[in-house]
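There are 4 protein chains.
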Amino acid sequence: MAAAMRFFSDNAAAVCPEVMAALLAANRIDTAYDGDALSARLNGAFSHLFGKEVEALWVTTGTTANCLALAALCPPYGGIVCHRDAHIQVDECGAPEFYTHGAKLLLVGGEGAKVTPDAVEAVTATIRNDVHQVQPRALSITNATEYGLVYSPAEVAALGELCRSLGLGFHMDGARFANAVARLGCHPGDLSWRAGVDALSFGFVKNGGMSAEVLILFGSEHRQATLYRRKRAGQLLSKGRFLAAQILAMLEGDVWLRNARAANEAAARLAGAAGDRLVLPVEANEVFLKVTPEETAALRAKGFDFYDWGPGEARLVTAWDSDPREVEALAAAIAAL
Amino acid sequence: MAAAMRFFSDNAAAVCPEVMAALLAANRIDTAYDGDALSARLNGAFSHLFGKEVEALWVTTGTTANCLALAALCPPYGGIVCHRDAHIQVDECGAPEFYTHGAKLLLVGGEGAKVTPDAVEAVTATIRNDVHQVQPRALSITNATEYGLVYSPAEVAALGELCRSLGLGFHMDGARFANAVARLGCHPGDLSWRAGVDALSFGFVKNGGMSAEVLILFGSEHRQATLYRRKRAGQLLSKGRFLAAQILAMLEGDVWLRNARAANEAAARLAGAAGDRLVLPVEANEVFLKVTPEETAALRAKGFDFYDWGPGEARLVTAWDSDPREVEALAAAIAAL
Amino acid sequence: MAAAMRFFSDNAAAVCPEVMAALLAANRIDTAYDGDALSARLNGAFSHLFGKEVEALWVTTGTTANCLALAALCPPYGGIVCHRDAHIQVDECGAPEFYTHGAKLLLVGGEGAKVTPDAVEAVTATIRNDVHQVQPRALSITNATEYGLVYSPAEVAALGELCRSLGLGFHMDGARFANAVARLGCHPGDLSWRAGVDALSFGFVKNGGMSAEVLILFGSEHRQATLYRRKRAGQLLSKGRFLAAQILAMLEGDVWLRNARAANEAAARLAGAAGDRLVLPVEANEVFLKVTPEETAALRAKGFDFYDWGPGEARLVTAWDSDPREVEALAAAIAAL
Amino acid sequence: MAAAMRFFSDNAAAVCPEVMAALLAANRIDTAYDGDALSARLNGAFSHLFGKEVEALWVTTGTTANCLALAALCPPYGGIVCHRDAHIQVDECGAPEFYTHGAKLLLVGGEGAKVTPDAVEAVTATIRNDVHQVQPRALSITNATEYGLVYSPAEVAALGELCRSLGLGFHMDGARFANAVARLGCHPGDLSWRAGVDALSFGFVKNGGMSAEVLILFGSEHRQATLYRRKRAGQLLSKGRFLAAQILAMLEGDVWLRNARAANEAAARLAGAAGDRLVLPVEANEVFLKVTPEETAALRAKGFDFYDWGPGEARLVTAWDSDPREVEALAAAIAAL
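Chains as they are written, first to last, in the numbering used here: chain A, 1 to 337; chain B, 338 to 674; chain C, 675 to 1011; chain D, 1012 to 1348.
Among the hints, erroneous ones may be present.
[What the hints assert, rightly or not] Covered stretches of chain D, as calculated for chain A (at least 3 residues, CB under 8 Å): (1) 1086-1093; (2) 1233-1239.
[As the list claims (entries may be wrong)] So the derived label-pair ranges between C-beta atoms look like this: (3) Gly167/A - Ile1138/D: 30 to 38 Å; (4) Ala25/A - Ala1133/D: 43 to 51 Å; (5) Asp1319/D - Arg715/C: 25 to 33 Å; (6) His524/B - Asn803/C: 33 to 41 Å; (7) Gly167/A - Ser1058/D: 25 to 33 Å; (8) Thr126/A - Asn803/C: 26 to 34 Å; (9) His1059/D - Pro648/B: 51 to 59 Å; (10) Gly556/B - Gly1321/D: 36 to 44 Å; (11) Arg560/B - His1059/D: 56 to 64 Å; (12) Glu939/C - Gly1062/D: 51 to 59 Å.
[As the list claims (entries may be wrong)] Under 10 Å between C-beta atoms, here's a sample of chain C residues computed to sit facing chain A: (13) Tyr751; (14) Gln763; (15) Val764; (16) Gly768; (17) Pro770; (18) Lys778; (19) Leu781; (20) Gly783; (21) Gly786; (22) Thr798; (23) Ile801; (24) Gln807; (25) Val808.
Hint data in this document are derived by calculation from the structure and do not stem from the laboratory.
All of these numbers come straight from a predicted model, not from anything done at the bench.
From the three backbone atoms N, C-alpha and C, an ideal C-beta is built for every residue, glycine too.
Extracted from the complex, chain A is given alone in its bound form (with noise of 0.2 Å):
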């Protein structure tokens, strides 16, 4: 029998072939932890593709880059404004309260995962400025969020705005970061520190990664701590030059900004297919169908593997190493439902 063609995460995609080649040739003696030639590197490479300083640090996933953004930018008594669908939220099993050593998420609603302005204002609104309540000291955003949707650069800098004047720390969940530049054609600082961002989790897991994401630090400030964070987390790895190395080989030539393009055209085609059966418009690399359950039973007995979403919805993840054979049959399969 054949294998299932996938469809039900990023995160089981492939690892592309520059990392495993970059793999390779990272492997000799180097100093070990992030000592080595490689991870001196990283500081200076992501200063360049955002056009500012800033301090880049390797980890193994997603939950600890996020974590130590938040723990950098939030007290333990403080509380992180975010979408109640945010990853961090309801897919990090409390990294985030981990990390911070106990600081409250504040939830706000919003389609798509997407937080608007207003819903921060709302929230925080309803805290009392006494030492009984948790105040807000941060605010979380996904782009592009849990349910596909992409925050454009005045999107983010309006937050960006809002965080400044409430006094706010500004955290971006980028674990699609570079499916959000894709699709946005935007230069990533636009997306980010000149949107008043001042810690991004870029991710490269999903994107064709094999265990190595950075947190990216906007300013020096939260450097030292975030260190000593990382190391006593247990994620400074002895041979970080293996983190390094892909994480290099994504930058170079702009191996990221391909991987997110393919994924987001391999959704755009399914959306394509889907029609009125999209519950939400498809900006990255996730389309979420309304369908019946014997529509899913059908795509099933095709040979399809993706999530069920709730009653009557059906999540489909592309990656960058989404089959577009695969990727036809199921745009054929979906529009023939």
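Keeping the supplied structure of chain A fixed, place chains B, C and D upon it in accordance with the hints.
Just chains B, C and D, lined up with the frame of chain A:
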């Protein structure tokens, strides 16, 4: 100019060919996190190795393995007896305190970072059994120790028995467990669960792996909690199959023992040349030498790279991939001092 | 100018004479911490009251009692179901997160801050039973609620049964437990352990005490851990006899019930005058009124002090020592609006 | 049978009349938490006492005062240098680790629990300035020490200067600060902020209070965070006016100094009788004696209650209310050994 001949840390060693091959072989789409076919084989593989049903969880660092074990064995208000030179005390930046939510390390002395039953009894005897004092709840030892000594099965069993009588959980930091087993030629079970060990950090990275270590739980009662803690620590990698692949490659054909033997033999060769200069017996892959500043300078001038270790001492660490010619050259250089 | 007539919080009430007398009587040398003769009587006194052997620990605040209970019932990686208006969620500045080391509060709605079995089932049903999501481990309700409603023994028992079936520990915040028991006229055991409650924060301060609350554990399995946590939280007072004295004085001759009845009756008197203005039924010592800004201004002009409670509402709280003349005057003023 | 004559702890002492009178006087309705008129006077009263604008926060235990101070001065990933016999290390059940979220205590030795600049420099010199080791961030000393020795203003200033040069925050556990000031006859400011102390736990309970201690912050930068931490620790009592009342009563007319002098003088009387038996000089209200088991038995047979303190030593503690006849009787009994 020739590259330095590196004897400063097994953390700096390369990745062995079997592990690299396994990474390449694992590079296809599969289920995310630890739901893949390779990860699913870990429990079985280690149960077979240890002669007992065990739980085996991959993580990316020894620090994480150690601290997940300690969090399982010790509550936030408890104490962990360990050597004052233990890695968990001096080289993990407070990770045990982070993962356990504030447990206290209760320090003992002892030559070569080795803990004796007498030392454990002495420190626990100073603690009043009342609510004002942190009560000991676990013992952690390192085998081979941070100074390259090896506990025999009998020595471990004596500590294990004491742990039972004192109500302490028993953790072994086995960053160099392979070197200890290779040295002793014993069954891995004899050096662990049969001697009363509850949790073992089984190291692979120093021994030829890239980024995968294993936490072995010799009972099932802490499994659920530890799975949550691993996730929450940001250590549940989305492409976990690449961790499992490394580990299985090391077990296959006893690569782990072959590599450890190579490192031990290289160290033994250096020890043979060192004679009276040895600070401690060489039982694994670390050699501590008495040397003058002039002598360390002379060794460095010949291209050897290593750490000074306090005044008048130097540390030489061999690895699975220590170049035999470099080892010979270093042995000769030591003999010629 | 006359002092304001205070209806803004039972926290502002005076200390009742029996408690003051007990403090004076306790003022002699005795053993420190909780080793004194008065503290030693607590377990017996509360076991008698509840008709079951219990563990009773004094602490100085309801927040501490609540959070020690939650830390006993929920691990750091677990979740606590509670109402979104619960004191532990909105008025303890993240103390639950601090004491539990980062557990997550899982919020439900419901009129008058009351939690129903349906609401508990609805929120737990949304949580996938996998390692990515915080799993519910405890339920916490407040009786009387933050809005002055009272759960009956049957209502509590329905929740208790659900907790058993879902594997949740069951905590009751009884800051106004006395008011609930006084209202219901039931046995304290019927409203707690017989209905499945595992831990009860039994409040005395709002009800005439000075600085002593009690945490009741209806089983012994969490006693040791809780004693360590209390000490570690800085809540083991060295002259603990003065806490025990307050509590015993409140139990003696059912002062706690007498005081609670007085507060409830004062609230009932106000409720009688309020008629259609009542936002919720008045079942304990809190009265929520629908009022216009002009009406609240009018009441304040007459010397009454109280909180606005959102737009168009006012909160009036009575206490054991509410002056009957002031209550009559307020009732008349309300009726005259 | 007559009650024992208690010399085992100043924690067991009674509450002095001024404090009791103040509690009675404070027993009227007032605003809750720390919003009352008495609490509002604390900053002013202590600013006057210390000759500098300070922040003064009431708490209920010395452990809480200590740990709030440490949490202000040391991040979770930092270290706190203290004596190995310090109360924060041996008698607070890990409260510093709880409040700081896992900071590590870095222990030094020294006679009579006294820390010297040399000892601080020695321990900090062993710590590599890299991310693998917990970096020292604060120093905590106890004055008078746990063994009844007193640091002079010059000794504190030498440590304060060292703290500045090493970048350490400086905390003083002043559970017996009154005894130290009484002994030295110096200005409280000379023993604290003028000598570089950043935060002082100012004890009142051992010295005649019931349940109120004060945390003094000599700068304003940690005030906000500390207020949140106090609330979050369950230490913001709802009837806080009864804590403020105690403290103000102790300051009024220098009751705190009068009480401390009485305790010191009683200890001096015992010291005078002890001669060569003294283990350490008696500078505050603690007396450590060399005694044989037979001698301790003899003293106990005469009705004196005290702690054995390791083999061959006994600890006698006097208090503000030590009965002069009992002191004389004990002095005579010691002399007669």
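(message) Hint by hint, where does the structure go against what was stated? Just the numbers, ascending.
(response) Hint check: 20, 21, 22 fail, others pass.
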